[in-house]
Amino acid sequence: MKITRMHGAGGKVMQELIKDVILKNLEITSVNGGIGLESLDDSATIPIGDKEIVFTVDGHTVKPIFFPGGDIGRLAVSGTVNDLAVMGAKPLALSLSLIIPEGFNLEDLEKIVKSINETSKEAEVAIITGDTKVSDGVDDIIISTAGIGIVDRGKAIRDCNVQEGDAIIVSGNIGEHGLAILLSREGFDFETNIKSDVAPINKLIERVLEEGIQINAMKDPTRGGLADALNEMAEKSNIGITIFEDKIPISDEVQSICDILGLDPLTIANEGKVVMAVKKEDAERCLEILREHPLGKNAEIIGYATKEHKGVIIETIVGRRIVDMPIGDPIPRVC
Amino acid sequence: MININDRALIKKAIDKINKLAEKIDKLKIMHVCGSHEHTICKYGIRDVLPENITVVPGPGCPVCVTTQKEIDTAIYLADNGYVITTLGDMYRVPGSEKSLMEKQSEGCDVRIVYSISEAVKMAKKERDKKFVFVAIGFETTAPTTGAELISLKNKDVNNFFILNCHRQTPPVMEFLLNEGVYLDAFICPGHVSTITGLKPYYGLCEKYKAPMVVAGFEPIDVLMAIIMILKQVISGEAKVENEYIRAVKPEGNVLAQKIINEVFESIDVPWRGFPVVKNGGFGLREKYKKFDIYEHEDIPEIKEKIPKGCICDKILRGEKLPTDCPLFGTVCTPLNPVGSCMVSDEGTCRIFYKYRRI
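For the protein sequence lines, the chains are F and X, in the order given.
The opening position of the first sequence corresponds to residue 0 in numbering that gives the first Met the number 0, with each subsequent residue numbered one higher.
The opening position of the second sequence corresponds to residue 0 in numbering that gives the first Met the number 0, with each subsequent residue numbered one higher.
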């Protein structure tokens with residue numbers, strides 16, 4: 000059997016690859032009792048003294064490398080910072096590894112590095128190490144970033160600790176990144192204002208934590224979108240999640256384009272959003288705090304956790320149905 | 000502007016359906032559109048319908064009705080050095096042995112495109128390679144294929160071809176009515192009807208006395224179409240009505256129709272799950288045959304191998320639902336599709352699986 004693009008698309012095929020090929024063959028996967036690889040959380044942790052170092056890595060192969068609202072550089076920094084931030088960690092530093100194809104435009108490279116610089120300043124995270132390679136075996140630039148952050152020992156926020164009754168909050172309009180990427184590819188002639196939401200959200204999350212809000216679980220709904228994130232949180236927490244369709248924040252433009260193309264916004268990637276399971280009593284205050292920040296102005300409570308069912312259920316205007324884990328990349332309708 | 004997704008309006012429509020349903024014995028409605036099935040399942044509409052009303056999906060998914068032989072032809076061409084360009088849905092559909100996705104993993108040049116124009120651009124840029132676009136879809140996408148071929152007709156492009164898999168919808172509706180599948184009425188496809196208008200349905204409606212309502216894709220559209228059909232049935236009528244007036248004109252899209260007629264003519268073709276459907280396909284006219292891969296390459300005879308236990312044929316004809324299939328959700332899942340209906344996002348089995356009940 001050979002690797003297909005389905006294996007990289009987020010969702011079930013990728014999960015099976017990771018579990019059956021990678022996890023099964025690695026034996027030493029955690030350090031000093033910290034969160035290890037087998038948790039498949041957004042980051043791992045290494046306890047040292049009264050702190051835990053939070054550690055993550057990400058590889059970025061976006062096409063096109065420049066897209067409305069961002070580029071591969073901004074994506075690399077934001078993606079890694081966000082993986083640290085959704086663990087409740089303060090991001091400290093990143094590494095930057097560039098794999099540049101032979102013949103790549105030097106001006107484009109400079110543009111990307113400047114974008115990396117701007118985004119790292121925005122996130123207030125230093126880039127302290129890196130590597131550069133030139134390859135004749137890749138089509139486009141590949142950026143790999145690792146990140147470290149820090150959190151008090153035992154205080155890391157997992158994606159497997161959703162509690163019964165928790166409010167499910169999403170920080171803003173969904174579907175923007177994936178749709179911006181899709182529409183920027185050749186073949187679509189829509190005139191839209193849809194831009195990727197790619198952004199570091201560590202400051203947004205920091206504000207919530209500083210206010211003492213109890214976040215029991217948190218995740219950034221990237222590849223596979225909200226549907227993937229919620230299904231993972233529900234499954235890992237051994238609990239059900241019910242969401243309400245009319246509470247999910249989606250811009251009119253994203254909804255319209257999705258309707259035309261036959262796409263489900265719940266399965267489309269975000270790169271500047273967070274989904275939280277918040278203690279019920281803290282939910283309204285959490286919403287207020289999020290909405291005070293520009294990146295959280297469209298935050299909504301979209302549902303709650305329950306023991307009444309497993310998986311993720313959505314209440315629509317007619318009836319209720321399952322929200323399934325997506326299989327692979329969203330594909331536009333044919334007819 | 001009316002909020003067509005207003006909860007109170009939908010409740011009112013559901014109540015109306017239940018009231019009207021008391022006046023009939025039973026009613027079986029077929030739709031022939033994957034997007035209608037999507038709406039029905041996405042909103043759980045079957046759950047709120049009374050027991051004597053059944054809405055069944057028919058052959059409304061262009062990927063699903065494409066035959067295994069056509070998939071295998073694309074694979075044969077890939078094996079013989081052609082660049083295969085395909086819409087994303089077709090990429091994963093299994094042929095008798097493999098899918099195009101698996102062929103790509105093995106080193107064949109298979110590329111996903113979002114339109115035929117993207118494929119044409121590739122062919123113009125890479126003159127040393129021969130490109131085949133897998134042209135699927137009903138009346139909605141045939142005009143885009145046609146428009147591209149019209150613009151190419153007098154151009155110096157000799158490395159671009161299509162594997163023509165386009166299908167016509169009304170002839171398969173006639174096949175279903177004629178062949179004795181028990182059906183009372185049709186919800187007609189909204190997208191196809193945007194192109195064709197209402198004209199193709201009048202003859203069928205008159206001949207088979209089957210109510211036909213063109214519907215849009217919001218839940219209220221489907222519910223309203225059911226109400227309109229119920230009213231016809233109760234009053235003993237059979238006529239063509241247009242619920243989707245905000246998008247479908249009675250005359251349809253005249254420009255698109257001209258493009259279709261310029262490039263294509265009706266031909267008899269097999270649909271998956273059906274034998275040959277009279278006038279069920281769009282063949283290329285003489286002027287455009289130079290783009291027909293069947294004219295350019297000698298394709299060997301390919302025998303179809305229907306997977307054991309798969310009832311895609313019965314599902315496509317509206318005789319069974321996916322939940323009737325022993326493979327559904329067990330052997331056959333979107334991760335490991337046995338039949339094509341489980342691959343495409345518009346396939347009945349895929350939609351049933353995605354929105355399966357609690």
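Hints in this document: simulated from the structure, not taken from any laboratory.
Accuracy of the hints is not assured; some may be wrong.
[Unchecked claim] No farther apart than 20 Å at their CA atoms in a straight line, the calculated lysine to aspartate or glutamate pairs in the EDC-like style are these:
#, chain 1, residue 1, chain 2, residue 2
1, F, K246, X, E50
2, X, K18, X, E50
3, F, K11, F, E234
4, X, K41, F, D251
Status of the hints after comparison with the structure:
The suggested pairing of K246 (chain F) with E50 (chain X) is violated, with an alpha-carbon distance near 31 Å, which exceeds 20 Å. For the given pair, K18 (chain X) sits about 12 Å from E50 (chain X) by alpha-carbon distance, which is consistent with the 20 Å threshold. As the CA atoms of K11 (chain F) and E234 (chain F) are separated by approximately 13 Å, the hinted pair is consistent with the 20 Å bound. Distance check on the hinted pair: K41 (chain X) and D251 (chain F) sit about 19 Å apart at the alpha-carbon level, within 20 Å; holds.
The earlier numbered hint that this structure contradicts is number 1, and it is the only one.
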